[in-house]
Structure formats: structure tokens, C-alpha cells
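Engineer: Residue numbers (the working numbering), protein chains in the order written: chain R, 1 to 114; chain D, 1001 to 1112.
Accuracy of the hints is not assured; some may be wrong.
[Claimed, not checked] Heads up, simulated DMTMM-like pairs for lysine to aspartate or glutamate below, C-alpha to C-alpha not over 25 Å straight-line:
hint: 1; chain 1: R; residue 1: K56; chain 2: D; residue 2: E1059
hint: 2; chain 1: R; residue 1: K37; chain 2: D; residue 2: E1059
hint: 3; chain 1: D; residue 1: K1014; chain 2: D; residue 2: D1026
hint: 4; chain 1: R; residue 1: K71; chain 2: D; residue 2: E1099
hint: 5; chain 1: R; residue 1: K37; chain 2: D; residue 2: E1099
hint: 6; chain 1: R; residue 1: K56; chain 2: D; residue 2: E1099
hint: 7; chain 1: D; residue 1: K1009; chain 2: R; residue 2: D1
hint: 8; chain 1: D; residue 1: K1057; chain 2: R; residue 2: E58
hint: 9; chain 1: R; residue 1: K106; chain 2: D; residue 2: E1059
hint: 10; chain 1: R; residue 1: K68; chain 2: R; residue 2: D1
hint: 11; chain 1: R; residue 1: K106; chain 2: R; residue 2: D55
hint: 12; chain 1: R; residue 1: K5; chain 2: D; residue 2: D1038
hint: 13; chain 1: D; residue 1: K1009; chain 2: D; residue 2: E1059
hint: 14; chain 1: D; residue 1: K1057; chain 2: D; residue 2: E1079
hint: 15; chain 1: R; residue 1: K68; chain 2: D; residue 2: E1099
hint: 16; chain 1: R; residue 1: K5; chain 2: R; residue 2: E42
hint: 17; chain 1: R; residue 1: K106; chain 2: D; residue 2: E1052
hint: 18; chain 1: R; residue 1: K37; chain 2: R; residue 2: D84
hint: 19; chain 1: D; residue 1: K1014; chain 2: D; residue 2: E1052
hint: 20; chain 1: R; residue 1: K37; chain 2: D; residue 2: E1079
hint: 21; chain 1: D; residue 1: K1057; chain 2: D; residue 2: D1038
hint: 22; chain 1: R; residue 1: K71; chain 2: R; residue 2: E42
hint: 23; chain 1: R; residue 1: K5; chain 2: D; residue 2: E1059
hint: 24; chain 1: R; residue 1: K71; chain 2: D; residue 2: D1026
hint: 25; chain 1: R; residue 1: K54; chain 2: D; residue 2: E1099
hint: 26; chain 1: R; residue 1: K106; chain 2: R; residue 2: D1
hint: 27; chain 1: R; residue 1: K5; chain 2: D; residue 2: E1073
hint: 28; chain 1: D; residue 1: K1057; chain 2: R; residue 2: E15
hint: 29; chain 1: R; residue 1: K106; chain 2: D; residue 2: D1056
hint: 30; chain 1: R; residue 1: K54; chain 2: R; residue 2: E15
hint: 31; chain 1: R; residue 1: K106; chain 2: D; residue 2: D1038
hint: 32; chain 1: R; residue 1: K71; chain 2: R; residue 2: E15
Keep in mind the hints are simulated off the structure, nothing from the lab. For clarity, every value in this text was computed on a predicted model and none was experimentally measured.
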Amino acid sequence: DQQVKQNSPSLSVQEGRISILNCDYTNSMFDYFLWYKKYPAEGPTFLISISSIKDKNEDGRFTVFLNKSAKHLSLHIVPSQPGDSAVYFCAASAVDQAGTALIFGKGTTLSVSS
Amino acid sequence: NAGVTQTPKFQVLKTGQSMTLQCAQDMNHNSMYWYRQDPGMGLRLIYYSASEGTTDKGEVPNGYNVSRLNKREFSLRLESAAPSQTSVYFCASSATGVETQYFGPGTRLLVL
């Protein structure tokens, strides 16, 4: 049973437009959420995170929104650039779990065309 | 600052052979992790070490063993490799178990 779901395997966007990547979770104990970006043949790199006490976190072109009641989060990239083309993983963890590891979604491949 | 390093980058094994994947971090992090990534799947946790001297099983530990050699190093051992263990293996570390994890570049393993 997947605890973190990214239901869109892929997303195509034109350069300059907004990219919206979605993530749903089922475990109500999750209270820390992260987005990772992964290029081919490289390890995932941390992009942005949000704690459950917030509903929005912004870092430059990247904004993450959290809707706890819907158990849904989204990553907005504005404006999208060709260099943003990568696989994006949503991940979640529960702070009260000792030695917490991250639970990852299966990823969404973003393609930004120029 | 190298961050998280992994060796080797690529390895081919025959079924039944053994090998150890090495991981080291220079960020003075307490927690370290081993994940595997398979096509169409997210990253799945194999084993983790919340702190030096402790290790625990993750979601998919069967067929693997780990050693937290010291605070910097966390190795993953395949005692008898199977084709099902063909995957990309990522090591990660975090300051504590509840903070952002930082990943190494990965080891691509092919078991024939």
C-alpha cells in the first residue's frame, strides 16, 4: 500500500509557464514533506521542504503548498525553465519516528520545452 | 566539501557472488541510509543507521547486511547476489533522523 502517491508519471510544460506537480499521502502521522529533483545518472538533490505547521513554503521559483485536510501537497515552479527537466520525487516522514527514513513517491518526470 | 560519496559507481556481478557497497559522508551527520531505486518505483529503504553503533531494517532488507563502521561510513553488503538485486543503490545521510537527507551519486549494480 503506497503511503505517498504521485499519480502523474509525466508532465510536459512550455518554458516560462507554470509547472504544478502533485503528491498525495495517506498516513496522517506524516508531518514533514520534501521534494527532491533527480537528473539521470545522478543522486536525488533536495529542492524544498515544508513542515505540517505551515501551508506554504517558497524558495525562489519553487513553492510548495500543503493541504493537510486533503492530505495533498503540490510543487509549483514559476517560471519553468528547460533546466528544470528532471524527475521530481515527493517524500514524507513522521518526526516522532526514531531514525526516521523518508517514504518516497514513484516520481513525476517533468519536461520543459523551449 | 564532497558531501556523500559512494563506491563503486558501477558493478557487474554473477549470481551468487558477494560484494560490498561503500558510502562515506563528510558532513558530520548522525544518520545514514541505504535506498534502492528500480524502474517505475520510488526509492525504497533497505537499511538505516540512526546513529553510530545502531542499524535497523527498512522496507526491503532481505538479501542485504549493513555495517556502520564509524560516524562517517556506512556499508551495504550483498552476501549472495541475485538478479532481483539489479538496481541503482543510493546512500544518504542526515544530521538527525528527522532532517533533510542528502544523497550520494549512486551505484549501478547489474547481477547476471
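Engineer: Provide an ascending list of the numbers of those earlier hints which the structure does not satisfy.
Structural biologist: Checked against the structure, the hints that fail are numbers 1, 3, 7, 8, 17, 19, 20, 22, 24, 27, 28, 30 and 32, while the rest are satisfied.
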